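Protein chains in written order, with my numbering: chain A, 563 to 805; chain B, 563 to 805; chain C, 563 to 805; chain D, 563 to 805; chain E, 563 to 805; chain F, 563 to 805.
Don't take every hint at face value.
In this list, chains with the same sequence are indistinguishable; a pair is considered to hold if it fits within one copy or across any two.
Listed next, the in silico SDA-like pairs over lysine to any residue satisfying Cα-Cα at most 25 Å (straight line) [to be verified]: (1) K570 with H713; (2) K570 with F727; (3) K570 with T711; (4) K568 with A701; (5) K775 with E731; (6) K570 with E731.
Simulated from the structure, these hints should not be mistaken for lab results.
No experiment lies behind these values; they were computed from the predicted model shown.
6 protein chains.
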Amino acid sequence: MQEADKNKVVVLPLGSLEQHGHHSPLLTDTYLVTAVAQRVEQELSEQIYLLPTLWLGASDHHLDRPGTVSVPNHIYTLMIKNIVRSFAKAGFQRVFLLNGHGGNVVPGTQAITELANESDIYDNMWIALSSYWTVAEPAMAPEHHGMETPHLTHACEYETSMMLFLHGEIMRMDRVTSSPPLIDSPFYHSEHGGRINVGKRLVTWAPTGAMGKPQHATPEKGESLLNAITGEVVACIKDFETW
Amino acid sequence: MQEADKNKVVVLPLGSLEQHGHHSPLLTDTYLVTAVAQRVEQELSEQIYLLPTLWLGASDHHLDRPGTVSVPNHIYTLMIKNIVRSFAKAGFQRVFLLNGHGGNVVPGTQAITELANESDIYDNMWIALSSYWTVAEPAMAPEHHGMETPHLTHACEYETSMMLFLHGEIMRMDRVTSSPPLIDSPFYHSEHGGRINVGKRLVTWAPTGAMGKPQHATPEKGESLLNAITGEVVACIKDFETW
Amino acid sequence: MQEADKNKVVVLPLGSLEQHGHHSPLLTDTYLVTAVAQRVEQELSEQIYLLPTLWLGASDHHLDRPGTVSVPNHIYTLMIKNIVRSFAKAGFQRVFLLNGHGGNVVPGTQAITELANESDIYDNMWIALSSYWTVAEPAMAPEHHGMETPHLTHACEYETSMMLFLHGEIMRMDRVTSSPPLIDSPFYHSEHGGRINVGKRLVTWAPTGAMGKPQHATPEKGESLLNAITGEVVACIKDFETW
Amino acid sequence: MQEADKNKVVVLPLGSLEQHGHHSPLLTDTYLVTAVAQRVEQELSEQIYLLPTLWLGASDHHLDRPGTVSVPNHIYTLMIKNIVRSFAKAGFQRVFLLNGHGGNVVPGTQAITELANESDIYDNMWIALSSYWTVAEPAMAPEHHGMETPHLTHACEYETSMMLFLHGEIMRMDRVTSSPPLIDSPFYHSEHGGRINVGKRLVTWAPTGAMGKPQHATPEKGESLLNAITGEVVACIKDFETW
Amino acid sequence: MQEADKNKVVVLPLGSLEQHGHHSPLLTDTYLVTAVAQRVEQELSEQIYLLPTLWLGASDHHLDRPGTVSVPNHIYTLMIKNIVRSFAKAGFQRVFLLNGHGGNVVPGTQAITELANESDIYDNMWIALSSYWTVAEPAMAPEHHGMETPHLTHACEYETSMMLFLHGEIMRMDRVTSSPPLIDSPFYHSEHGGRINVGKRLVTWAPTGAMGKPQHATPEKGESLLNAITGEVVACIKDFETW
Amino acid sequence: MQEADKNKVVVLPLGSLEQHGHHSPLLTDTYLVTAVAQRVEQELSEQIYLLPTLWLGASDHHLDRPGTVSVPNHIYTLMIKNIVRSFAKAGFQRVFLLNGHGGNVVPGTQAITELANESDIYDNMWIALSSYWTVAEPAMAPEHHGMETPHLTHACEYETSMMLFLHGEIMRMDRVTSSPPLIDSPFYHSEHGGRINVGKRLVTWAPTGAMGKPQHATPEKGESLLNAITGEVVACIKDFETW
């Protein structure tokens, strides 16, 4: 890094290596968040300092499916704490952890919460964490992209569409599976979540490891989503820079 | 406990002991979640097994304010894991952690996530965690209760109203403070949160330890909120029982 | 809390939620230590700052009995360390951890020992921990109260008497059980302890979870004990204030 | 070890390496507990399996005095847990941790408590821990040995007497120091302890690192004490064998 | 992954992101071990299952140099333990951790040692860890490649040569620095190590963060080294497969 | 210790208590490293401050053999970290951990690496760790001592020879066992190690717990080895003193 890089926003993409149904690769989350991050870097090359994607994620709820490589939540928390400590040590003042795997949100947030509470050295830093689908939520509204399902979940219409656009050659759409949600109540939907958090491994909710309706995925939807996401993340980081 | 209690939903209210501005007591969160839980128990006495509220919470972000008593997030995670382990050991099959303090959500969710991932003994259990304001979100819509602010935050119009209704005699409305939000952007509001998680201690956002506009609180609003919340939590637990 | 509270002795009662035979409630220890603490507060209202009782204790040796909710010793140690850290942060200088559950003594003492060793910030503080039956040992001598057994143990004549006096309506004296001690040698008594510490779960010593002879309990003995205990704890805290 | 050794009581002496005033060596506790253990072994050679003394103890409260080598309490707990686990793995069924340093009692008891609670593999084992002065308390009564002080504390009349008898050539009686107790109340004596536990480092209580009145020590008193202690520990282990 | 992959040797390349003098990129170790791994995969595509390189390494000894991103050793140990646990869960039986950063060796070996000791589930697995320069030591002898320095160290003639061959466009040979070793005795050389291990941060040994004589690096040497290394690692894994 | 001792090199011998075949005692490593250390002290009495040998080592890979007493690697790391912290606290500036058990090398090195990385208080200290056979490697070359095997391993010709010289009366040469190595390839030898680290318990490699060919041991070889080792360690510490 150069001296001037310290004034940039460090962006660390957070991925995973976990089973994504029978049709999408283990590195799906890593591919997607990396694609978003690289597009953002193209637009904000002077403002962000982009790190390589951390593919090792908190995916223990997927370990029932062979191929998943993961650390438990509390170790992921320790990893993120020490990574951000490294940024502080280097003199960075703004850190944006751009997440691409749902399972990383809780342990990642645990990490940045504890850092702020533990030491004054973070008082002069802004440390943020969000998933690209949360940052870009309004822009990902299904009606804007012709989606048949309401939200991005896991190995779903959304993720599969973006993978088809980016890495169609390694997708196995002939092996797509789909199943109805196990729970669909006003308080909780076993794929989209809801108003309560539930402790269960993925195998409970998704027999084949895919959620939503990946069969409706198309590369066109994927391109459209990716463009929308990139725009929102760019806008968010520009906002973040002004804090 | 009796043998028959094992078939009930264990409800453990999670509170805190932390500064709540100059006008509301340290135990505000504990009082409120206890009040909700007791009202729920009145309606579901045959279905729930209610534990005493755990007042020790994850409030390290409030420690800058004297009076706060707290454990760091990762220790709160360990507490919750071992409490739920105790329930499993006793033979309970449904656990509902009814939360009343925002800072408990991440470490509590970290706990139930890790439990499910670590051992098959939780496979036959349903373990849920949610804050009463999340469970009751639709029913707490400001227009239903004459609120001037959009959400429950901390020592705010919502919490203060309910405290006035429940424990008006210990409230110090003569000492109410209020201040504008530090950040109010499309991506993040320093009181209501937003699309990103940020690692900062409360002292950054709220100079006096109160958020929102507690000066607009009234006991009438509090009663109305409490009734609505109780109804939603009752409905949620009835739904949870059917899973 | 008020600024002036910092000069008071913080008193934190430590309880448990664990099986107490078939006749006394899970919260027996919590009820008793709370009753003692409240009586002490009545006499020392200007001198002590009383916190709510922490009912979550180190009762893993009782987990074989359903209903017990507990954390392992080393986590209890972490809880106590962080609670006392909170008191230090707030500016208190005298902390008295008033214990009501035998299993908390070792991990609680581990906590205050480590705090003193770890940081100079505790050098100006006095941090004490004791069980009410240890503080009041001379005053609880069995001959003063007409007791038939020599010491307070667990769900015993002593605890049951005080519970009968305080909460007789929830006691189930029709279900009292009693059994002879498993080991009764000059070096160790399986109920009263002795000159050595032994690692065993309670189920080894007490088949029904009750020790001593609770059948001899009366509310009159309980009232007498409670008065004696209160007097001694008051005297002890007055002494502690002068250090 | 031989196959037959598994039926013996494993005896592990626990010492320390910590400052003991200006007149007694760092290894005082280690020398003393080793001497006791060796005398016990002479009498019970067929019944006990004696390990070498573990000199690394929990003496962080002595670290203010150069020369002390120590681990914090929670690490000592982990050491003892894993040592006893090794005994279980080898097939031993009775373990006696014979302690010679006060600071080891709490973390050692934390260890054996947690082991019993954590796993059924210890259900068939008897695991005990005690300091030689506690086992031998009645036999060490001051009037039996012509002592001028009431209890064994640290670098005191008792320890110094035994060291003079055992290793007089390395004692520096010309450098003996003594000072009055800092606190001497009905509830707490800063050298002998009392009815409450207090978190303080030794430097608070003993300016030179010696307690009691070591100037009254004589080798004759030491021999008398050592004989009495040996007798009681032998009796205790014989009792322990019958459990 | 496919079912048949379980019979392959999992190869996980371990890299770092740390300062490498003023002339070589932060990801030097990651680039190099990835290049080796990819060449090995080309030759052993049927026999190995190659994972993406883990760039997050144990580089805390480099944190004095801005840009380094690292976790402490004990957290790296936990990461590796959980990664290998994931492989065991998936059914793999041979794991080769191919290391490219010196700082990973000790914590990585700590990890695989503990795994083998902790659980029988690893008894049927072969878990190996080595750095490519150790596997290929004989083949990297300086005389085979025209090297002027005896060993690969850090940002040195060896690493720089391979980087020039692989990624010459990002190398800054105009900024190469070099300095004499601080200690050069028969027992220890501050760059090449020796017969003792020493606890020191890199800043002690290498003022600019480069060791050895990178000014002698050429892409030709790099190509020659890379070919030799690949050959040896291929041979090693073929050997490993037969165990 | 005396004030002047602070200028000396602290030497802490690290041993183990673990099975060593059927012919050599559990404390073999402890006896040997102690013998080396005492001989070194005789030659360098003014320069080194020798501590008692720490017999509790990281021998979990030997736990399958009854009699072994051990802690897991990560706890050994914590022990060593806190021991060296004690030396720093006392004012020592040079620490040499003289190891006598192979299993201690990785966790001991993990310890001194982390200490250097964690705090500046070690910047002015030199902290070294090495096994006596590594320090003395050139001087132990088999041809110098008439050895039939190439390296010191475990309960082998080398260790047994030295034990015969030092403690012949407790050796059971009538019970010596020997077995061929399980793996003997250019990359790995199951007794001497090789170019890769492998996670396996000792029981895999050595059915009786002895390696190499102890039947060739003689006290004469042992004396010759011990003299050579002592000379090299003395030379090494003299060198270390000059850093």
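A quick look at each hint next to the structure:
| no. | hint | in the structure |
| --- | --- | --- |
| 1 | K570 with H713 | neither (32 Å within a copy, 34 Å between copies) |
| 2 | K570 with F727 | neither (30 Å within a copy, 31 Å between copies) |
| 3 | K570 with T711 | neither (37 Å within a copy, 36 Å between copies) |
| 4 | K568 with A701 | neither (31 Å within a copy, 41 Å between copies) |
| 5 | K775 with E731 | within (20 Å within a copy, 45 Å between copies) |
| 6 | K570 with E731 | between (35 Å within a copy, 24 Å between copies) |
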